[in-house]
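Peer 1: Spelled out from the first residue to the last, the chains are:
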Amino acid sequence: MADDKVKIQEDTRKMLVKWKTKRGSLIMALHEIQGAFGYVPWDSMEVVAEELKIPMAQIYSVLTFYNHFKLTAPGKVVISICDGTACHIKGGQSVIEAFEKELGVPAGTTTEDGLFYIQIVRCLGCCGLAPVVVVNGKTYGRVTPLDAPKIVAEWRETMAKEGA
Amino acid sequence: MVELSQEQIEKLKALGRTQKENLIKMGEDFKEKVKNFKASIYTCNATSCHSGGAASVLDAFRESLAATGLESDVRVVCTGCMGLCASGPLARVEIKGKKPVLYQHVTPDMARVIVSEHVVPALKTEGEIKTSDYLKKQELSLDLPFFTKQRKIVLRLLGHSDPEDLGEYIANGGYQGLMKALTMKPEEVLDIIKKSGLRGRGGGGFPTGTKWEMLAKSPLVDGEKFMICNGDEGDPGAYMDSCILGGGSHAVLEGMMIGAYATGATSGWFYIRAEYPLAIQRMELAIKQAKRYGILGRNIFGTDFNFMADIRYGAGAFVCGEETALMSSVEGKRGTPRPRPPFPTQKGLFQKPTAINNVETLANVGPIMVNGPEWFSEVGTATSKGTKVFAITGKVKHSGLVEVPMGTTVGEMVNDIGGGTSSGKPFKAVQTGGPSGGVIPASELHMPLCYEELKKIGSMMGSGGMIVMDQDDSMVEIAKFYLGFTVDESCGKCAPCRIGGYQMLQLMKKIADGKGTKADVAKIKEIGNAMKKASLCGLGQTAPNPVLSTMKFFKNEYDALLIDGNEPDAPAEKEVKACNINTKK
Ligand SMILES: Cc1cc2nc3c(=O)[nH]c(=O)nc-3n(C[C@H](O)[C@H](O)[C@H](O)COP(=O)(O)O)c2cc1C
Ligand code: SF4
Ligand code: FES
Ligand code: FES
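First to last, the sequence lines map onto chains A and B.
According to our numbering, the first sequence is numbered sequentially starting from 1.
According to our numbering, the second sequence is numbered sequentially starting from 1.
No lab work stands behind these hints: they were computed from the structure.
Take these hints with a grain of salt, some might be off.
[To be verified] Among the chain B residues that face chain A by a calculated CB cut under 8 Å, a handful are:
| # | residue |
| --- | --- |
| 1 | Ser48 |
| 2 | Pro236 |
| 3 | Arg312 |
| 4 | Arg334 |
| 5 | Tyr502 |
[As the list claims (entries may be wrong)] A short, non-exhaustive set of chain A residues, derived as facing chain B with CB atoms under 10 Å:
| # | residue |
| --- | --- |
| 6 | Met15 |
| 7 | Leu16 |
| 8 | Gly24 |
| 9 | Phe37 |
| 10 | Thr85 |
| 11 | Cys127 |
| 12 | Leu129 |
What you are looking at is a predicted structure, and each value in this text was computed from that prediction instead of being measured.
Glycine is no exception: its CB is placed at the ideal position from the N, C-alpha and C atoms.
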């Protein structure tokens, strides 16, 4: 773990070089950190506080204000289910329920094995394909509740192949 | 900015003049290059089509053209949104001298067939091209009202050009608006925008020229004044701005720069939702290209005008679409609104004068400069000029992105452009203005879409989301959905919104569960009216709209759910009948 901390802090410091000189760049820096680690680790926050000279409390309050930021590592497979209006009208809610049932956890949480994380998002900009589900960057359009087990199985297989 | 000597400035100006000439030449070079192509295949690779696999369709087109040795005769173009997103991936084949053909649901296999049955014969043989039934079935008529009833200003180049090719943008008149503006006085530019009647497309409809005049009058603070482009697009289920940024980033940048010249702004910020990676990527590219070719920088095109632009990402907070919250977010802070005045044009980003404009608003500016204010104000109604882009989604047959003249009626939108309901069931209502808007029932099909009419009916133009609902959709459910969204997204700063919204949602849930009473309905109205009056920002002020508007037009649906039946003290309203719009079929 100690090694992890050193590595995370080192990487974070590198990322902050370009943001140090720009004003109002806290959120941009946090985006970059989450992009690299999948969430914003506490260890990174410490470096941000130091380098950008922003109190920890302020960083934390910004992180918790915005839905986009995660404070803990999500599962390896992130399932984003759209509940924007277009998807909602076309049955998005039943798709959410189907995934929750299939994985046995509510949206916003990670499965016990750390493999899947379900999150609800509001419009992914492809409403024409509603209801939409995005899994690790791959988009599924016109999803029905019946597709949930298939999509989960597909990703279980993919991850098994990758040896996760 | 660093002070420069007169000599340095003269040098930069000379460079600027050369850069302008180079740019004009770049457009001519582009025209020269495409002259030699005998055909073009335009393939949409915007968000929807991309998600549907457009990238591999593009590969398939390129590979099969290469295999037939036609790659130098046929231009394969990766374009922005073509509009009919629900039928994507879309590809349009244009053979010189022939009518263009649009294909829907294109797959890589189909792309290969399009090349072998359509493109190759068209280039190698004379006379009619006969394609197989397989392709015929996937042809979409370009004579559909979906296409013919549109009037494109903002979406003009989307689907017809490569958004990453600056030369193509220039060849299509790009940056000519800016070039023209820079030959005028800033006041003259302001005058043109004022005369055009352009109003903000972000929802409020505030006259853009007036906003810019206010900024122009504010003196620089520490040598700075700002323009911000609002690309937060928080309305869930709407994606106009995403596509405009992704397919026409240079046009938005050009609009911002014309505004900056007119107002004396020194730099600009694009605030774009993090959920829109393509929009961000294209805007980053546009800024990079603009810097490289001297469109952004110092002494632009040999004038005294200096301007720089940068991007900031949103982070998933609807309230950040509100301008004061947005500025706080650009500063890297929590996005909480603050009271106005002071208005942003007086005290904005980093406490300096700032004008905030919506993406679509800015995209209109270049064409207005090139074609003149009269050209623009001829389109639309008496008070709502020009066009409006809508994302028409929900239970509609032709779902996608459309641009229509202001004043187009709801009926034309739903029945003609939208082609009726996707289910074939009777149409019930459309919702405009997203979580801040309201419903327009089927009885109001004749209503023209413009700022005033929408407001009158208890909705609003919003940024352009238009959700079509049919007989099966419960109005109570949809109102509850929107309210749930705004309660989730309330920043919690002021009590009317934080507490009122929460209480209202509990009551709505109670009603939806069939446990509500007449007293609950009365209470909701009371809370709603208090929220409208007492909330600090637009989020809380407009959050009750979906509920109040559905209560007004679909009282019967609420009544049916109450345990004590009809609510007595409401004025008797004419019953809204769902009218079947598919009878013509
Ligand atoms: C809660 C809330 C959300 C908003 N969301 C957006 C948005 O997503 N995009 C936008 O352009 N304007 C949005 N606005 C309106 C902006 O505050 C602002 O009026 C607008 O960007 C000004 O640009 P315009 O004059 O070009 O319309 C929102 C306002 C409120 C109160
Ligand atoms: S109205 Fe709502 S969103 Fe706006 S400041 Fe008040 S609590 Fe925040
Ligand atoms: S509402 Fe789901 S993609 Fe837009
Ligand atoms: S995304 Fe391809 S048509 Fe809209």
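Peer 1: For every hint, state whether the structure bears it out.
Peer 2: Going through the hints against the structure:
1. Given hint, serine 48 of chain B at the interface with chain A, holds; its Cβ is 4 Å from that chain's nearest Cβ, closer than 8 Å.
2. Of the supplied interface hints, the one on proline 236 of chain B holds, with its beta-carbon coming within about 3 Å of a beta-carbon of chain A, less than 8 Å.
3. Interface hint at arginine 312 of chain B: satisfied, since its Cβ lies 6 Å from the closest Cβ of chain A, which is below the 8 Å cut-off.
4. Proximity of arginine 334 of chain B to chain A holds as hinted, the smallest CB-CB distance being about 4 Å (cut-off 8 Å).
5. For tyrosine 502 of chain B, the interface hint is violated, since its Cβ never comes within 8 Å of a Cβ in chain A; the closest pair sits about 18 Å apart.
6. For methionine 15 of chain A, the shortest C-beta to C-beta distance to chain B is roughly 15 Å, which exceeds 10 Å, and the interface hint is violated.
7. Because the closest C-beta pair between leucine 16 of chain A and chain B is about 13 Å apart, greater than 10 Å, the hint is violated.
8. At its closest, the beta carbon of glycine 24 of chain A sits 4 Å from a beta carbon of chain B; the interface hint therefore holds under the 10 Å criterion.
9. A least Cβ separation of about 16 Å between phenylalanine 37 of chain A and chain B goes past the 10 Å threshold, and the interface hint is therefore violated.
10. Look at threonine 85 of chain A: its Cβ gets to within about 3 Å of chain B, closer than 10 Å, so that hint holds up.
11. Using the Cβ-Cβ criterion of 10 Å, the hint placing cysteine 127 of chain A at the interface with chain B is satisfied: the shortest such distance is roughly 4 Å.
12. Contact between leucine 129 of chain A and chain B, as hinted, is supported at the beta carbon level, the nearest pair being about 6 Å apart and thus within 10 Å.
In summary, the structure is inconsistent with hints 5, 6, 7, 9 from the numbered list given earlier, while agreeing with the others.
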